[in-house]
Structure formats: C-alpha cells, structure tokens
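Take 12 as the starting number for the sequence shown in this note's numbering and just add one per residue.
No lab work stands behind these hints, which were simulated from the structure alone.
Quick caveat, the model's predicted, so the values are computed rather than measured.
Some hints could be false.
Distance condition first, Cα-Cα at most 27 Å in a straight line; then the derived DSS-like pairs of lysine-lysine [what the hints assert, rightly or not]:
(1) K196 x K186
(2) K115 x K83
(3) K78 x K115
(4) K82 x K115
(5) K78 x K174
(6) K83 x K186
(7) K186 x K174
(8) K196 x K169
(9) K174 x K115
Quick list of simulated restraints, FRET-style, between CB atoms [what the hints assert, rightly or not]:
(10) H77 x S168: 42 to 52 Å
(11) K83 x S195: 41 to 51 Å
(12) S172 x Q97: 18 to 28 Å
(13) K169 x S81: 43 to 53 Å
(14) H77 x S180: 15 to 25 Å
(15) V112 x V176: 16 to 26 Å
(16) K82 x S105: 38 to 48 Å
(17) D166 x I85: 12 to 22 Å
(18) N89 x K169: 33 to 43 Å
Every residue, glycine too, gets a C-beta built ideally from N, C-alpha and C.
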Amino acid sequence: MNRNFVGIFCLVMSLFGTITTVYAQPKDTSLDAHVHGLSDLTIAIEAEAIEIQFTSPAMNLVGFEHKASSKKDIASVNNAESILDQPESLFIFSGSVCRLVESKVVLSGLIEEDHKDHKDHKDHEGHEDHKDHKDHEDHQGHSEIVGHYSYRCSDLSKLSSIKTVMFESFPGIYKINAMWVMPSKQGSTTLTANNPTVILR
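All chains should be built: construct the whole structure from the sequences, respecting the hints.
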C-alpha cells in the first residue's frame, strides 16, 4: 500500500463520523455485525487520485469463511482473487478517464499462503496453545476479503459517477454500503444490483 493511499484513506476515516450522521443504517445491517450479503465500499477522491477499498465477508464471495482445504474451496478462493485482481472489470468511471496504478487483494484467514509473512510463523508449529494461534482460530469464524485500488484520473472535476459490477461478479452480494469523500464534500448510499452506481455530482 503506497503512502498516498494511506494519506487519503486516513482522510476518509477522519471524516467517518460526519459521514455516519448522513448515512444512518440499522445496527443489524452494519458490516461490523458481519452480515452475509452485505459489503462495504469506501471511495476517497483527492487531486488526481482515487483510492477505493472494497471489504466483504468471505461468505459473499466464496460461499464459506473457513480456511480453504479441499480442492473445491481452494478453487473458489482463487477464482474470487482472480476477479478482484482485475479492477478494470469491476469499476466503471463516468466523466473522467481513470488509470489503475496499484491494487492489492487481502484474503484474510482463507488460505495458508496468507501467513507466509507472519514474523513468528515457524515458531507456531507444534504450539497449539500459542496465543496468536488461538487468536487466528477465533478470527477464522469471521473471515473478510479486502481489495485496495489506486487510480489516477485525467480530470476529476468532470468525474460524475462510479459504477461497480461486483453484483454481477459475486451473486452472494445483495447490498453494498458505499461511502465517498472529496475535499469539498462527502456522501453515502446503498448500492444494489438494480442500483450499482455511486453518483458523485
């Protein structure tokens, strides 16, 4: 994740309280409650840059939340990762030409490869009662998949909307809570298969 993404995403989080007052949803539809069928989309727009973060319970994308072990499960995870690794097919920008400059997909707790970079991974072997191991097991019950996307656009002053085709790619998604922020204003909306577009202007 580049520094620009961190800076803009921090801007989104700093304005989260303001956005939440505009975007009032019942508690049982919050992603924090890990509602299956519901995902989050956060869009930060600044200067010539757009940063998008998509977060979803793994159930919506692969049909399960446990670590993939069977060939069928592994294939499902690989398929979801392949789709999310092609953001040019996931987002359609109207009014401005936007070019992808960086993307990253995080598959939390779904495949063994996720833990290759764990600092103490080798030390965990044979230690079933290790605290980190226990935390890892607890986390598996609520696995999430996160996609980060960085774009550079020709003229963001003309950008009017961003459409997502996540609903077509992942039928397990019923609703997406979308929040967006620009230096001058911010907003939020609920996206569905019949209304998949974030209107910015």
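Hints, verified against the model:
{"no.": "1", "hint": "K196 x K186", "in the structure": "holds, 23 Å"}
{"no.": "2", "hint": "K115 x K83", "in the structure": "holds, 24 Å"}
{"no.": "3", "hint": "K78 x K115", "in the structure": "holds, 20 Å"}
{"no.": "4", "hint": "K82 x K115", "in the structure": "holds, 24 Å"}
{"no.": "5", "hint": "K78 x K174", "in the structure": "violated, 31 Å"}
{"no.": "6", "hint": "K83 x K186", "in the structure": "holds, 26 Å"}
{"no.": "7", "hint": "K186 x K174", "in the structure": "holds, 14 Å"}
{"no.": "8", "hint": "K196 x K169", "in the structure": "holds, 15 Å"}
{"no.": "9", "hint": "K174 x K115", "in the structure": "holds, 20 Å"}
{"no.": "10", "hint": "H77 x S168: 42 to 52 Å", "in the structure": "holds, 46 Å"}
{"no.": "11", "hint": "K83 x S195: 41 to 51 Å", "in the structure": "holds, 48 Å"}
{"no.": "12", "hint": "S172 x Q97: 18 to 28 Å", "in the structure": "holds, 21 Å"}
{"no.": "13", "hint": "K169 x S81: 43 to 53 Å", "in the structure": "holds, 48 Å"}
{"no.": "14", "hint": "H77 x S180: 15 to 25 Å", "in the structure": "holds, 22 Å"}
{"no.": "15", "hint": "V112 x V176: 16 to 26 Å", "in the structure": "holds, 20 Å"}
{"no.": "16", "hint": "K82 x S105: 38 to 48 Å", "in the structure": "holds, 41 Å"}
{"no.": "17", "hint": "D166 x I85: 12 to 22 Å", "in the structure": "violated, 43 Å"}
{"no.": "18", "hint": "N89 x K169: 33 to 43 Å", "in the structure": "holds, 37 Å"}
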